[in-house]
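Those protein sequences? They're chains A and B, same order as listed. Under the numbering used here, the first residue of the first sequence is numbered 1, with each subsequent residue one higher. Under the numbering used here, the first residue of the second sequence is numbered 115, with each subsequent residue one higher.
By construction, these hints were calculated from the structure, which means they are not laboratory data. Computed from a predicted model, the values in this text were never measured in an experiment. Note that beta-carbon positions come from the ideal geometry of N, C-alpha and C, so glycine has one too. There's no promise every hint is true.
A partial selection of chain A residues facing chain B, derived with a Cβ cut-off under 7 angstroms [as the list claims (entries may be wrong)]:
| id | residue |
| --- | --- |
| 1 | G42 |
| 2 | L45 |
| 3 | Q48 |
| 4 | G108 |
Listed next, with one range per pair, are the computed distances between beta-carbon atoms [as the list claims (entries may be wrong)]:
| id | chain 1 | residue 1 | chain 2 | residue 2 | range |
| --- | --- | --- | --- | --- | --- |
| 5 | A | Q50 | B | T123 | 26 to 36 angstroms |
| 6 | B | Q122 | A | T112 | 25 to 35 angstroms |
| 7 | A | E102 | B | Q183 | 16 to 26 angstroms |
| 8 | A | Q59 | B | F161 | 19 to 29 angstroms |
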Amino acid sequence: EAGVAQSPRYKIIEKRQSVAFWCNPISGHATLYWYQQILGQGPKLLIQFQNNGVVDDSQLPKDRFSAERLKGVDSTLKIQPAKLEDSAVYLCASSFVRVMGEQFFGPGTRLTVL
Amino acid sequence: AQKVTQAQTEISVVEKEDVTLDCVYETRDTTYYLFWYKQPPSGELVFLIRRNSFDEQNEISGRYSWNFQKSTSSFNFTITASQVVDSAVYFCALTKAAGNKLTFGGGTRVLVKP
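Excised from the complex, chain A in its bound form:
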């Protein structure tokens, strides 16, 4: 079974530029999550999708971050414009809700904002 795929793995941009990350969850997983992990901290949820609907985006900075999950499969997370404090690893995870909440994580995208 293929795991959660993410691209790119690394991205370096200058502040005020825009950037987009892509995630392909495990086949059949209805729930998709985007987490932000700042260096030295635990991951923090940005947004959660159930199929193509948003379940929780309470911690998403909506003035600059946006996310979508078209057709309930792949998802993209966008930052526009980026700030220095957005430097972090962005982790995508998916889960098959019926199974005890276990989330499977992708390798992450490491973003550096200069």
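Since chain A is already given, all that's left is putting chain B on it; use the hints.
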């Protein structure tokens, strides 16, 4: 609100020693799930163990064991006979129900020296 605290930021041991990681959580929910994840240098979060709030039986799985005590809101994790490959950051996490977001602790870095 949920909160997870991992008081130990870094633990260093010599190979074959046992390592115990502490985790204390806060939640108002009566039903919840606790997890331990491992994050090796590659960055991908790897699921290790899960425990639900209504089952306080402690178990052993290979070299991993855990001690869940509801009375003290603790969910400690032990690696027996540590190996160099166990070197990673370990995260304790909490969710109130299957399919909901994970609230992570700050992580404990484990360094196993040969």
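Hints, verified against the model:
no.	hint	in the structure
1	G42	holds (3 angstroms)
2	L45	holds (4 angstroms)
3	Q48	holds (6 angstroms)
4	G108	holds (5 angstroms)
5	Q50/A <-> T123/B: 26 to 36 angstroms	holds (35 angstroms)
6	Q122/B <-> T112/A: 25 to 35 angstroms	holds (28 angstroms)
7	E102/A <-> Q183/B: 16 to 26 angstroms	holds (22 angstroms)
8	Q59/A <-> F161/B: 19 to 29 angstroms	holds (22 angstroms)
Comparing the model with each numbered hint stated earlier shows that all of them hold.
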